[in-house]
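Q: Sequence:
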Amino acid sequence: MKMLCRCLLFVCILVVVGCSSSPRKYHAPPVKTELSDPIMVIAQLREQLSQWHGTPYHYGGMDLNGIDCSGFVYRTFFDRFAISLPRTTKAQTTYGTRIDVDDLQPGDLVFFKTGSGENGLHVGIYDSDRAFIHASTGKGVMRSSLDNIYWQKVFWQARRL
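With mature numbering (1 follows the signal peptide of the UniProt record, and there is no 0) applied, the sequence shown corresponds to residues -28 to -1, 1 to 133, in that order.
Hints are computed from structural coordinates only; laboratory data are not their basis.
Mixed in with the good hints there might be a few duds.
Here are the simulated DSS-like pairs of lysine-lysine, each with C-alpha atoms no more than 25 Å apart in a straight line [stated by the list, open to error]: (1) K125 <-> K111; (2) K62 <-> K125; (3) K111 <-> K62; (4) K111 <-> K85; (5) K62 <-> K85; (6) K85 <-> K125.
Pairwise CB distance ranges, derived in the manner of DEER restraints [unchecked claim]: (7) S8 <-> N37: 30 to 38 Å; (8) D75 <-> K125: 17 to 25 Å; (9) F50 <-> I121: 15 to 23 Å; (10) G87 <-> H30: 15 to 23 Å; (11) T109 <-> S8: 26 to 34 Å; (12) W128 <-> Y31: 16 to 24 Å; (13) P58 <-> D35: 15 to 23 Å; (14) P58 <-> H30: 13 to 21 Å; (15) D74 <-> L36: 18 to 26 Å.
All C-beta atoms, glycine included, are put in the ideal place defined by N, C-alpha and C.
Please construct the entire structure, taking both the sequences and the accompanying hints into account.
A: As C-alpha cells, then:
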C-alpha cells in the first residue's frame, strides 16, 4: 500500500510538472514595411536620415558615433524593414536583381566605383527624386543627387531587393 501511494504521488508530480510551463519572453519583431509600398519606404528612409543625418563616416562603424556606407545600408534595412543584408558593400552587390538606373524605386540599392574605401566601392539607398541616402566619407550621413556630376561619373549599378 505504501508503495502504491508513492507511485501515485510520483505520477501526480510528473503530471503537474509536465503540464506547467515556464514564462516566455515576448520580443516584438521590428516593424516591417513592404518595399513595394513606395510612400511607406520613402517615409521610413526619411525618418532614418533624420535620425542619422550628419553622423560622421567611420570605416567599420555601426552606430551614431560613426558609420560607413555599407553599415548605414545594413542598419537602415534591418532597423526600418526587418531585412538582414550582408555587412560589406562587396557582399551587398550580390543581393537582389540588377536594374537599370532609369527604373529606380525607393529602397533600391545604388552602387558606385569611387576608387576609395574597401574595394573602391560605395553604396547608398535610393529614396526619390533622383536622390539617395548614404554615409559619405567626407560629410557623413547625408542625401545626395544622382544628377551630381561626380555621382554620374562613378555610378556602377543599381539593385532591387
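Q: Take the hints in turn and mark each one as holding or not.
A: Status of each hint after checking the structure:
1. Between K125 and K111 the alpha-carbon distance is near 19 Å, which keeps this suggested pair within the 25 Å criterion.
2. With a CA separation close to 19 Å, the supplied pair K62 and K125 stays within the 25 Å bound.
3. Note on K111 and K62: the hinted pairing holds, with a Cα-Cα distance of about 22 Å set against a maximum of 25 Å.
4. Restraint check: the Cα-Cα separation between K111 and K85 comes to about 18 Å, which is no more than 25 Å; the hinted pair holds.
5. At roughly 11 Å between alpha-carbon atoms, K62 and K85 fall within 25 Å of each other, so this suggested pair holds.
6. At roughly 9 Å between alpha-carbon atoms, K85 and K125 fall within 25 Å of each other, so this suggested pair holds.
7. Roughly 34 Å separates the CB atoms of S8 and N37, a value that falls within the hinted 30 to 38 Å.
8. The supplied range of 17 to 25 Å is met by D75 and K125, whose beta-carbon atoms lie about 21 Å from each other.
9. At about 32 Å, the beta-carbon gap between F50 and I121 misses the expected band of 15 to 23 Å.
10. Judged by the Cβ atoms, the range 15 to 23 Å given for G87 and H30 holds: they are separated by roughly 20 Å.
11. Between T109 and S8 the Cβ separation comes to about 32 Å, which falls inside the hinted range of 26 to 34 Å.
12. W128 and Y31 have their C-beta atoms about 20 Å apart, which keeps the hinted 16 to 24 Å range intact.
13. Look at P58 against D35: about 18 Å separates their beta carbons, and that is inside 15 to 23 Å.
14. The beta-carbon spacing between P58 and H30, approximately 19 Å, falls within the hinted interval of 13 to 21 Å.
15. Taking 18 to 26 Å as the suggested C-beta distance range, the pair D74 and L36 does not conform, at roughly 35 Å.
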